[in-house]
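First residue of the sequence shown: 1, per our numbering; consecutive thereafter.
Derived from the structure by calculation, the hints contain no laboratory data.
None of these values were measured; they are calculated from a predicted model.
Every residue, glycine too, gets a C-beta built ideally from N, C-alpha and C.
Accuracy of the hints is not assured; some may be wrong.
Distance ranges between label pairs, derived from CB positions [to be verified]: (1) 55 <-> 16: 24 to 32 Å; (2) 37 <-> 116: 19 to 27 Å; (3) 44 <-> 9: 21 to 29 Å; (4) 126 <-> 90: 27 to 35 Å.
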Amino acid sequence: MLKPKVISQVLAQVTTGTVTAAILMNSSGSLLAFSAATDEEATTYAAIAANIWTGYSRAGDTVAEKAITTNNAYNKHDLVGKGQLNTIIVDCENGTLLITPISHMLLCLVGNPESNLGILIAKLQALRRHLSDPLEKVSEYSF
């Protein structure tokens, strides 16, 4: 059984230093668990992250389909889409947003402007590894 409170506690472990929020959501941006300053902040980040992820996923699928059907010289492994999109990093004036898929869900980390990108990526990858197996088991039953 998925316990959001426990997942929120795990997410809270990475929201130290320059990491201001960690969010687990479904692909439409609905929150499953989060660690952020406020509910509104988490909801806003989730909506933005889901919108960005969906847009890039669809664009990548379109590029991959065109390359495959037209026999373009693209290397299929270099293309975004068709399961190839792994992480999106959005560097903004007010901070950095990292988005990655876990099972049928999305994990998002938000860092402030002083955050080190390498630390953010390491924390994202560690969270992804830690949550992958439990969330994969849950997704088998819920989707």
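> Should the hint that residue 37 and residue 116 are 19 to 27 Å apart at their CB atoms be regarded as holding?
Replying inline: holds, 20 Å
>> Assuming the hint says 24 to 32 Å, is it satisfied by the Cβ distance from residue 55 to residue 16 or not?
In response: holds, 30 Å
> Per the hint of 27 to 35 Å, is the separation of the Cβ atoms of residue 126 and residue 90 within bounds?
Replying inline: violated, 20 Å
> Using the C-beta atoms of residue 44 and residue 9, is the stated range 21 to 29 Å upheld?
Replying inline: holds, 22 Å
Violation of the numbered hints given earlier is confined to hint 4; every other hint is satisfied by the structure.
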